[in-house]
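Novice: Now for the letters of each chain:
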Amino acid sequence: MISLNQVTKEFPGKIAVNELTFEVERGEFCVIIGPSGCGKSTTLRMINRLIPVSAGSITLDGVDIYNYRPEELRRQIGYAIQSVGLFPHMTVARNIGIVPQLMNWDMSKIRRRTDELLDLLNLDPGVYRDQYPRQLSGGEAQRVGVARALAADPAILLMDEPFGAIDPITRESLQTEFARIQKELKKTIVFVTHDIDEAIRIATRILVLKDGKLVQHDTPENIMTAPAGRFVTEFIGTDRALKRLSRLPAVNYMKEAPNVRESDPLQSAAGLIAEHRYLWVLAHDGKVLGWLDENSLKSGEQTAGLAMTSLDFRMSAVVTDSTLKEALSRMVQQGIRSAPVVDMKGVLLGEIRMGDILEA
Amino acid sequence: MRRLFSIKKVPFCAAAVGLAAIVFSGFVTFRPNRIAVGKAVFLNQTLGSLWVAIVILWAVLILLSALRIPGRIHLFSTGLLSSTLILLLIATAARHASLTTQDAGSITRTSLGPAFWILLFALIVILTDTWQRSGKEKNLITIMGIVTGGILLGMLVSGDLDMLSIMREYANRKERFSGELLTHLALAGSSVGLALGLGIPLGLLAHRKKPLYTPTFFTLNTLQTIPSLALFGILIPVLAAATLRFPVLTDMGIKGIGAAPAIIVLTVYSLLPVARNTYIGFTTVDPAAIEAGTGMGMTRSQLLFRVEIPIASPVILNGIRVALVQAIGLTAVAALIGAGGLGVFIFQGLGQAANDLILLGAIPTIFIAVVVDSLMGGIIRVVQPKGLG
Ligand SMILES: Nc1ncnc2c1ncn2[C@@H]1O[C@H](COP(=O)(O)OP(=O)(O)OP(=O)(O)O)[C@@H](O)[C@H]1O
Ligand SMILES: [Mg+2]
Numbered sequence: 001m002i003s004l005n006q007v008t009k010e011f012p013g014k015i016a017v018n019e020l021t022f023e024v025e026r027g028e029f030c031v032i033i034g035p036s037g038c039g040k041s042t043t044l045r046m047i048n049r050l051i052p053v054s055a056g057s058i059t060l061d062g063v064d065i066y067n068y069r070p071e072e073l074r075r076q077i078g079y080a081i082q083s084v085g086l087f088p089h090m091t092v093a094r095n096i097g098i099v100p101q102l103m104n105w106d107m108s109k110i111r112r113r114t115d116e117l118l119d120l121l122n123l124d125p126g127v128y129r130d131q132y133p134r135q136l137s138g139g140e141a142q143r144v145g146v147a148r149a150l151a152a153d154p155a156i157l158l159m160d161e162p163f164g165a166i167d168p169i170t171r172e173s174l175q176t177e178f179a180r181i182q183k184e185l186k187k188t189i190v191f192v193t194h195d196i197d198e199a200i201r202i203a204t205r206i207l208v209l210k211d212g213k214l215v216q217h218d219t220p221e222n223i224m225t226a227p228a229g230r231f232v233t234e235f236i237g238t239d240r241a242l243k244r245l246s247r248l249p250a251v252n253y254m255k256e257a258p259n260v261r262e263s264d265p266l267q268s269a270a271g272l273i274a275e276h277r278y279l280w281v282l283a284h285d286g287k288v289l290g291w292l293d294e295n296s297l298k299s300g301e302q303t304a305g306l307a308m309t310s311l312d313f314r315m316s317a318v319v320t321d322s323t324l325k326e327a328l329s330r331m332v333q334q335g336i337r338s339a340p341v342v343d344m345k346g347v348l349l350g351e352i353r354m355g356d357i358l359e360a
Numbered sequence: 001m002r003r004l005f006s007i008k009k010v011p012f013c014a015a016a017v018g019l020a021a022i023v024f025s026g027f028v029t030f031r032p033n034r035i036a037v038g039k040a041v042f043l044n045q046t047l048g049s050l051w052v053a054i055v056i057l058w059a060v061l062i063l064l065s066a067l068r069i070p071g072r073i074h075l076f077s078t079g080l081l082s083s084t085l086i087l088l089l090i091a092t093a094a095r096h097a098s099l100t101t102q103d104a105g106s107i108t109r110t111s112l113g114p115a116f117w118i119l120l121f122a123l124i125v126i127l128t129d130t131w132q133r134s135g136k137e138k139n140l141i142t143i144m145g146i147v148t149g150g151i152l153l154g155m156l157v158s159g160d161l162d163m164l165s166i167m168r169e170y171a172n173r174k175e176r177f178s179g180e181l182l183t184h185l186a187l188a189g190s191s192v193g194l195a196l197g198l199g200i201p202l203g204l205l206a207h208r209k210k211p212l213y214t215p216t217f218f219t220l221n222t223l224q225t226i227p228s229l230a231l232f233g234i235l236i237p238v239l240a241a242a243t244l245r246f247p248v249l250t251d252m253g254i255k256g257i258g259a260a261p262a263i264i265v266l267t268v269y270s271l272l273p274v275a276r277n278t279y280i281g282f283t284t285v286d287p288a289a290i291e292a293g294t295g296m297g298m299t300r301s302q303l304l305f306r307v308e309i310p311i312a313s314p315v316i317l318n319g320i321r322v323a324l325v326q327a328i329g330l331t332a333v334a335a336l337i338g339a340g341g342l343g344v345f346i347f348q349g350l351g352q353a354a355n356d357l358i359l360l361g362a363i364p365t366i367f368i369a370v371v372v373d374s375l376m377g378g379i380i381r382v383v384q385p386k387g388l389g
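As you go down the protein sequences, you meet chains A and B in turn. Sequential numbering of the first sequence, starting at 1, is according to this note's numbering. Sequential numbering of the second sequence, starting at 1, is according to this note's numbering.
Incorrect hints may have been included.
[What the hints assert, rightly or not] Subject to a maximum C-alpha distance of 27 Å in a straight line, what follows is the list of computed BS3-like cross-link-like pairs (lysine-lysine): (1) K8/B - K136/B; (2) K136/B - K386/B; (3) K109/A - K386/B; (4) K287/A - K345/A; (5) K213/A - K187/A; (6) K14/A - K210/B; (7) K138/B - K9/B; (8) K109/A - K186/A; (9) K14/A - K209/B.
Calculated from the structure, these hints are not laboratory results.
Next comes chain B alone, as it looks inside the complex (with noise of 0.2 Å):
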C-alpha cells in the first residue's frame, strides 16, 4: 500500500509556525490613539466572520504539505491556496479596522499585529518554496503571483484598506508620499548610473592591466566595509570644508548634507558589484576565443562589442542587478543626512515611536527592491545569449 503521508519540510515547517502565531499571538493591535500602547486582538476577536476562512484554509495548509499529491496538482494548490491566503490575511486586518474605527475623525488605531507578519512571511517563505520547485510551470505560478499582486493593488486603491493604521499614516501625508518616493528612486537611480559610468571601465581596466587589479578591489573593498552611517557621517564635514573652499560648489547646490553626500555614498558603495562583476565577466572569456578573434583580423572594438561583451554581458547585469537592490536599501538612510526618500518617515516613525509610519517607510523600500531584483532577473533570462550557461 502506498503511504498516505509525505510531509514537505519547508511548507510543513512553515505552515506550523503559521499555526502557532495564531494561538500566542495577536493578530492586529489596537490602540485608542496613534503611540498609545496597543492591545493584542487575537484572530478569532477580530471583527467581521473572515478569520473563519484564514483558520479553514490554513489547515488544509497543512493538510496539502503533509499529504502525498501528484506533484503538479500539488504545486499548483499549494501556490493558488497560499495567495488566497495573503489576500484574506490583509482583508481580515482591513475589516476589522474599518469595523473599530467609525469614522476618519476617530483617533483609535489599528495596526497589523505579529500574528499577521508571521502568516504573511510563512505564505511567503512557502510560495517561494513552490516557485523554485515548480520546474516547468514557473510561468504558471509567477502568473498567479502576479494576479495576486493585482488584487492587492486594487483593494489599495478602492480604498479597501484605509482604515488600517499605515493607511492612515499614508492618507496624512500623501504629498509627502509621492515626492519621497521619486527622490528615493531618483537617489537610488542615479547612484547606480555613476556606479556604472565608473565602475564597468574600473572592471575592465582591471582585466585588461592585471597589475591594477589589487589596488582596485582593495579600495573598493575597504569601502565597501566602511558602515554606511559613518561614511555619511564623515562626508559631512569633508563636503562642508569642499564648499568653504570652493564656493563654485555651493553654487552647484553642494552642500554637506543633502542629495550629493548621499549620492556619492551610494555610488561608493554600488561600485563593487558593479567592477567586480565586470571583472569576472571579462575574465570568463576564453583567451583561445580572443587569441583567435585577433589572429583572423577582428579589430580591438570588434571584439569588445561582439565578442566579450555580449559573453560578459549576464556576469554585469547581475552585479548592477545587486548594485540596484543594495542602493534601494541604502538610500533608506541616506534621509539621516537630509537627503530625502523613504527613509524619511522611517525616521520620523522611530522619533515619534510610531510604528505604523516606520512601516510606511520599509514596506515601499523592501517592495521596489523586490520588484526590480525579479525584473532584472528577467532581464538577464532573456538577453543571455543562447549559446552560455
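If we strip away everything but chain A, and leave its shape as in the complex, we get (with noise of 0.2 Å):
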C-alpha cells in the first residue's frame, strides 16, 4: 500500500535520512523506531509530503504521492503529532470535525462521527464536546488528536508518538485498545515512538532505523527472536523474553479449570482436590469467589462457601484480552501458581498456569 524506494532526505549539512527501501502492505500497524535524531518523524513527514523527499520515490497503492495534489493526498491520510497542535479557539467537537467541514459532509453527520470518535476514545461525548483545548489535560488533548486524524476515515494513519504525553497505564490501556481498533477498522498505521515496549505491544511491523539508515524490518517475534546485530539487541534490551510475553493473548494459554459450587458440600470436593491439589470456588452465578485446598478440607466445614479462602478477582484473575506478561504479573504480585481467568463480570472462564507461562 505504501511504498518507498531508495528515499533520501538531506537537509543542509545533514543527510536525516539514507536511501531508505520498505512497503507496508494494507491494514499493517508498521511502527516505526529507533534513537532520537534517527529519522523517524522526517520519514512519516515525507510520506504526507509535509517535507519533500531529496531523491527517491513514494508511493501509495502504486501512485506516486507527487502525483497527487497535496491537499488530496493528505485528505487521504489522518495525521496526530506527539504536540497535538488542537485548534486552541475550536471546542473539541469542532476540532475533531474539521476535516469533514471541509470535505463538506452535512453538520448532522459530522455531529454523530465526532460523538462516535470520542467514544471510541474513551472520553465522554456528554462532557468533552463543548470543552476547550485549554480544559484538556495533556493526555485527553492527545486522544483528541487521535480522533481528530481518524474523522474523515482515512485508509492510512500517520502517527508521531500521538500518545507521547498520556501517564503510563492509560497508555498501555490505550495501546491495546488502538491496537483492536486497528484491526476492526482494517487501518494502514504508520506509527513512530522510541518506546520499544510501546512498538512491541501493538506492531504487527517494526522497523528500526538508525542513522537515517533501515537496520530491521521483521515481526515484534523475529526481532525479538533473531535481532539483527548488537545495535537491535541493546535496543531491545535485556528482558525481552518478558516483552515478548506482552504479544501473547493470555486466552491462547488457558486451560479448563476444577471448580465446586459454593453451596456443594465440603466432602464433594475432596476427590477433586486430591486430583488437583486445588480448586476454584464458584457462586451460582460462575462468579469467582475463592478457592479450596488439602488444608481446607481441614477445617470442618460443612460447605465448599464456607471452608475456601476467598479472593477479590479484581485482584487475582485475569481478564479476557489481557496478555501473559500481564497474567504472570497478576500472579508474581499475588503470590498464586496459577489465575483464574474470568470475564468482565467475573465468570470463571479457565485458568492460566505459571508452568505454561514459562514454556511459552
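Take the two lone chains, each set in its own frame, and fit them into one complex as the hints suggest.
Specialist: Encoded structure:
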C-alpha cells in the first residue's frame, strides 16, 4: 500500500534519511522505532509531503504521491503528532470535525461521527464535546488529536508519538485498545515511537532505524528472537523474554479450571482436590469467589463456601483480553501459581498456570 | 470590634487632592473680555447655590473612601456619587457663567478654572478605579457612565452650558467646527485604513519570511521615533519637489501642505502598531497547530482564515486600537501644515492666547480618542474567540 523506494532526505549539512526502502502492506500496523534524531519523524512527514524528498520515490497503491495535489493526498491520510496541535479557538467537537467540514459533510453526520470517535477514545461526548483545548489534560488532548486524525475515516494513518503525553497506565490500555481499533477498522498505520515496549505491544511489523538507515524490518516476534546485530539487541534491552510475553494473549494458554459451587458439600470436593491440589469455588452464577486446597478440607466446615479461602477477582483474576505478561505479573504480585481467567463480570472461564507461561 | 475605617488609597488621595483644590484655587475664571487677564472665582464665591451641594457631596465622597463599607454598596455609591458630582461641577460653572453674563452680546467671559479641572480629574480617577475594581458589576458601572454622558449631552444640547466661554467660542464657529470635526475624523480614519492595508500584509510577511523581520521593524521603529512635527516639516519640501517634477500629482490634488502630507505622516505612524501586532498575533499561533492542519489536508488559505486569523485577531485588533487613538491625537498636529481638523482651533487659540479656543480643539479630540478606545475595547471583548484568553 505504502512503498518507499531509495528515499533520501538531506537537510543542509545533514542526511536525515538515507536510501530508505520499505513497504507497508494494507492493514499493517507498522511501527518505526529508533533513537532520537534517527529520522523517524522525517520519514513520516515525507509520506504526507510535509517534507519533500531529496531523492527516491514514495508510492501509494502504486501511484507516486507527487501525482496528487498535496491536499488531496493528505485528506486520504490521517495525521496525529505528539504536540497534538489542537486549534485553541475551536471546541473539541469542531476540532475533530474540521476535515469532514472541509469535505462538506453535512452537520448531523459530522456530529454523529464526532461523538462516535469520542466514545471510541474513551472520552464521554457529553463532557468533552463542548470543551476547549485549554481545558484538557495532556492525555485528553492527545486522544482528541487521534480522534481528529480518524475523523474523515482515512485508510492510512500516520502517527508521530501520539501517546507520548499519556500516563503509563492509560497509555498501556490505550495502546491495547488502539491495536484492537486498528484490526477492527482495518487501517494501515505507520506509527513512530521510541518506546520499544509500545512497539512490541501494538506493531504487526517493526522498522528499526539508525542514523537514517534501515537496520531491521520484521515482525516483533522475529525481532525479539533474531535481532539483527548488537544495535537491535541493545535497543530491545535485556528483558526481551518478558517483552515477548506482552505479545501473547492469555486466552490462548487457558486451561480448563476445576471448580465446585459454594453450596456444594465440602466432602464432594475432596476427590478433585486430591487430583488437582486445588479447586476454584464459584457462586451459583459462575463468579469466582475463592479456592479450596488440602488445608481447607481440615477446616471441618459443611460447605465449600464456608471452607474456602476467598479472593477478589479484580485483584487476582486475569481478564480475557490480557496478555501473558499481565497474567504473570498478577501471579507474582499475589503469590499464586495459577490464576483464574474471568470475563468482565467475574465469571470463571478457565485458568492460566505458571508452568505454561514459562514454556510459552 | 471591627474597625470602622478602612482607607481605599486611590479614591481617598484623589478626593483629598480635590479638597485642597477647592480651598486653594479658583473654580472658574472671570475675564472682562475674551483675552484679558482673568480673575479667580473660588467655589464658594460662585453664584447660584449649587456649590453647597458640591461641598457636601465631596465630604461624603471622602468619608466613603475612608469608611469600611461592604464592597458592592461601596462600588455602587461611589460610582453614583462621582457621576453626580461631575454633572454638578459642570452645572455650577455653567450657572455662574449665565448669572454673570447677562446677554449673549456681553463680552465678559467665564472660563473653567484650575479647581474645576482638578476636581474633574479626581472624579475621573475615582470612577476609573471603581470600574476596575467592579468585577462582576462592571456592566452596572458602565451603564452609570453612559447615563451620565447622556445627561451631559442633554445639558449641552439644551443650551444650559451656552454661557461658558468655551461654548461661546463654539457659538462663534459653529459651521467651522463641524467641518473640522469631520476633517479630523476623515484624516485619522483614512490613514489608519491605509495603515491596515499596508501594515497587516507587512506583519504577515515578516512572520512568514523571518529574514524580512529585522529590516521591516527596524524601519518602522525608526520612523516612529521621529517627532511628528519634524516629519511634517520634512514632507513639505519633499512633496513640493515631487509635484514640480511630476505635475500629475498636482492634478491629483497633492501639495506640499494640506491633506496629502498629513495622511502620509499619519499612515507612517499607524503602520508600526498595526504591523507589529499583526506579527505578534500570528506568532502566537502554535506551529504544531499549523503542522497538524497542513498534515490533515488544509490549504494555505483555509489555515489562514480558519486558524491563524481567528487566533491572531484579538492582538491585531488591539494594534488597530492603538493606531486609532494615536492617529486621532496626532491629527491635531496636522493642522499646522494646513490639513485642517480640530487642531485648527488649538493653534488659533495658541496664536490668540485664547485658552478656551484651545480647549474647543483639545476637549473633543480627547473625547473622540476615549470613545474610540472604549469602543474598540468592547469590540475586542465580543469577537475574542471563546477558547482563547
Ligand atoms: N527542518 C530541518 N532542518 C534541518 N535539520 C533537520 C530538520 N528536521 C530534522 N532535522 C534533522 O534531521 C534528523 C532527523 O530528525 P527527525 O525529526 O526525523 O528525528 P526523529 O527520529 O523523529 O527524532 P525524535 O525521536 O527526537 O523525534 C535530526 O538530526 C534533525 O536534527
Ligand atoms: Mg520525531
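Novice: Starting from the hint list further up, note which numbers the structure goes against and sort them upward.
Specialist: Hint check: nothing fails, all pass.
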